[in-house]
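Undergrad: Chains as they are written, first to last, in our numbering: chain A, 1 to 327; chain B, 1 to 327.
Source of the hints: derived by calculation from the structure; they are not laboratory data. Values in this document were obtained by computation on a predicted structure and should not be read as measured data. The reader is advised that the hints may include incorrect statements.
[Unchecked claim] A partial selection of chain A residues facing chain B, derived with a Cβ cut-off under 7 Å: (1) A67; (2) R71; (3) N227; (4) G235.
[Unchecked claim] Pulled a few chain B residues facing chain A out of the computed Cβ check, cut under 8 Å: (5) P180; (6) G181; (7) N184; (8) D210; (9) M212; (10) S232; (11) V244; (12) V255; (13) K262.
Yeah, the Cβ is synthetic: ideal placement off N, Cα and C, and Gly gets one too.
There are 2 protein chains.
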Amino acid sequence: VNPVAVDLMGGDSGPAVIVEGVKSALDTMGGSVIAVGSHAACELFAGDARVETVVASEEILMSDDPASAPRRKRDASMVVGATLLKEQRASSFITFGNSGAAMATALVKVGRIRGVARPAITIELPVPGTTSTVLLDAGANTEVTPAWLHQFAVMGSVYTAARLGIEHPRVGLLSIGEEPGKGNTLVKETYYLLAEEPSIKFVGNVEGRDIMSDRVDVVVTDGFTGNVVLKSLEGAAHLFANAVLGALGAGDDGVLDLALPKLLPLWNQMTPDDTGAAALLGVNGLFLIGHGASNARAVASAVRNARQLAEAKVVETIRRLEGSTGE
Amino acid sequence: VNPVAVDLMGGDSGPAVIVEGVKSALDTMGGSVIAVGSHAACELFAGDARVETVVASEEILMSDDPASAPRRKRDASMVVGATLLKEQRASSFITFGNSGAAMATALVKVGRIRGVARPAITIELPVPGTTSTVLLDAGANTEVTPAWLHQFAVMGSVYTAARLGIEHPRVGLLSIGEEPGKGNTLVKETYYLLAEEPSIKFVGNVEGRDIMSDRVDVVVTDGFTGNVVLKSLEGAAHLFANAVLGALGAGDDGVLDLALPKLLPLWNQMTPDDTGAAALLGVNGLFLIGHGASNARAVASAVRNARQLAEAKVVETIRRLEGSTGE
C-alpha cells in the first residue's frame, strides 16, 4: 500500500512529539511515511530516508472556525494532507489538529463514499482483560436516522474485523433493554434493519454496561449518545484511577510503592494511547483524527493502525458493501 | 412527619434482608415505619413496637406484566403500600420489587403532581472525594420534550437541595459541548428554558466527563441517554474494580492483602448502598424504587433517605414550584 500521510501541525505539544511518534512507528513497522508541515517541522526528519516531507505554508489552529477553515487556508498542512489522500498518493491521512476542522476538511477535500449518507466517528474503547469495544458514532451526527445507523453498523463491522482481527464481529445496538421492543423510536426502527443485514453479525440490543465487557465488539449509536457515553467513561476512568492511587497512598506506609508497578500496565491499557486516533468512516479514504494531546506512543499507534486499516482495505470493503463504485 | 412505608416483598433476597435493613434504620434514626407484606414477612417484626405491619395477600412478581400488575393484583404489597402513601398515612413508600410495575403502580395509585407532565427516575451517582451527582431522567421517559426536561431540572434541584444539603445545587444540561449551541435540537431548545428558570442555578451544558466530577450537582437528560450513561458507568466501575484487584493479586506476593483494607472504603463509597433507592419525582408523593439486589445496608439507607426527603418537604416544594395546588 501507499505510505501513511501524517499532519505534523496542530498537536498540543508541537511537531516534535509527532515526529518522534512517526519515527517510532517506522522503526517497528518499516515502510515509509509522508509528513506534511511547516518547513521547520519537516526539517526534523532531515536525513531520514523513510520519510517524504511536504512543506505546507499554513496551519489550521484550534481557534480557527472549523467549517470555513479548509476553504480559507488552502495550503494548511491538514488540507494538503487530505489532498494527498484524495489523490491516492497516501493510503491514509492522520491529523492531530482541530477535530471540527478535520471533519470539514475530510468532507470538502476527500468527500463521502458514494451511497454513504454521513460519516461516523469511530473509536476504540480499551477493555482491560479482553479486546477493545468499537463505538460509533462518537460525535459526528447528533441527530440520525435508522438508515444512517444501519450504515454505521456495516462500516463499524468492517473496521473492527480489520483492526481487531475478528472475522465476524458481534454488532450491538445501544439501547436501554435487551428486548427488541426496548428503547426509543429510533432504536426500535433500527433494530429490524440490523436484524436483516446479511453482512453483519447482529447480536441485538446491548446496554450501557455491555460496552466495557466482552459481550459485544461493535456498539452502534447516534453521535449524541455516543459522545456522552465516551466522555462519561473517560471521566470515570480518570476519577477511578486517581481515587485508587489516593486510597493506596493514604497513610504513607509504602503500599502505593508496592502497588504502582502492578497497576501501571493496567493504567497503560486503559489510556487510549494504543488506539491513537478515531477513524472517520464513510469518507472516501482513510481519514483519522488523533487527540490533540496524543503523546509519541499514541502517534506511533495511530500510524501503525492506519497502515493496518489500509492493508485490510477497509475503505474498499465499505465501498463495495454500500453498493457503490466509488466517486 | 408520618412514618415511611416499606414493601417487604419483591427483593431478590426475600423479606428477611429488608426487615434487617428497616430495623437497622430505626436503630439509628428512631421514629417508626409501616411494613407491608405477607403474613410471614410481617411476623419478622413481632414484638417490635416501632413497626406497624400491614398484611397484604398478594405479591407482584418479577415475571408479572408491569403495566397491568397494579390493576390485576389489587391486594399486592406494592399496591397496598402505594395506597398508604396516597392516603398520606405514610410520608413515603419504598419498594424493592419489579421496577416497571412500581412505576405503573405509582402512576395508577398515587398519580402525578398537577402540572407535571411526566415523572422522572432520579438517582444519585456516588463520586469518590466529593458529593454525589444527581442524574435524571435515568430511564422513565425514552423520548422527552424541552418542557419536560425543564420540569426535570426544577424537580432535580429541589431533590438535591434536600438530600445533599446544597442550598443552590448547580444544575447542568447533559450535552456534547459546553457552548449553548452544542448538542441536538432537544438540548438546544431546552438550554434557553433552563437559562430563564429563576428557581434553579443553571450552569449551562455539561459533558459526560463532568458527571463523575465536582463540577455539577444535578445532571438533566432524557431517559434514554440517562439510562445508557448510568449503566455504562456501573459497568465501568465493576470492570475497573475487578481489573485493579486482578492486577494487585497477580503474582501472589501479598500486595493485594496490604492494598485491600485501603481500597475497601473506596469500593464501599462507589457502590450505591448509601443511596439505597431511586426517587420517582413528579409523583404526588415520595415514591422510591430500590434495586432488587439491595442488601440490608442499602435498605437502611433508603429508609433514612426517604425520611430525610419527607422532612425536607420535597414533594410539597415541587408542587408549589410547578404552580399547582396538588391533586
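Undergrad: Where does the structure disagree with the numbered hints, that is, which hint numbers, in rising order?
TA: Numbers 1, 2, 5, 6 - these are the hints that the structure violates, sorted from lowest upward.
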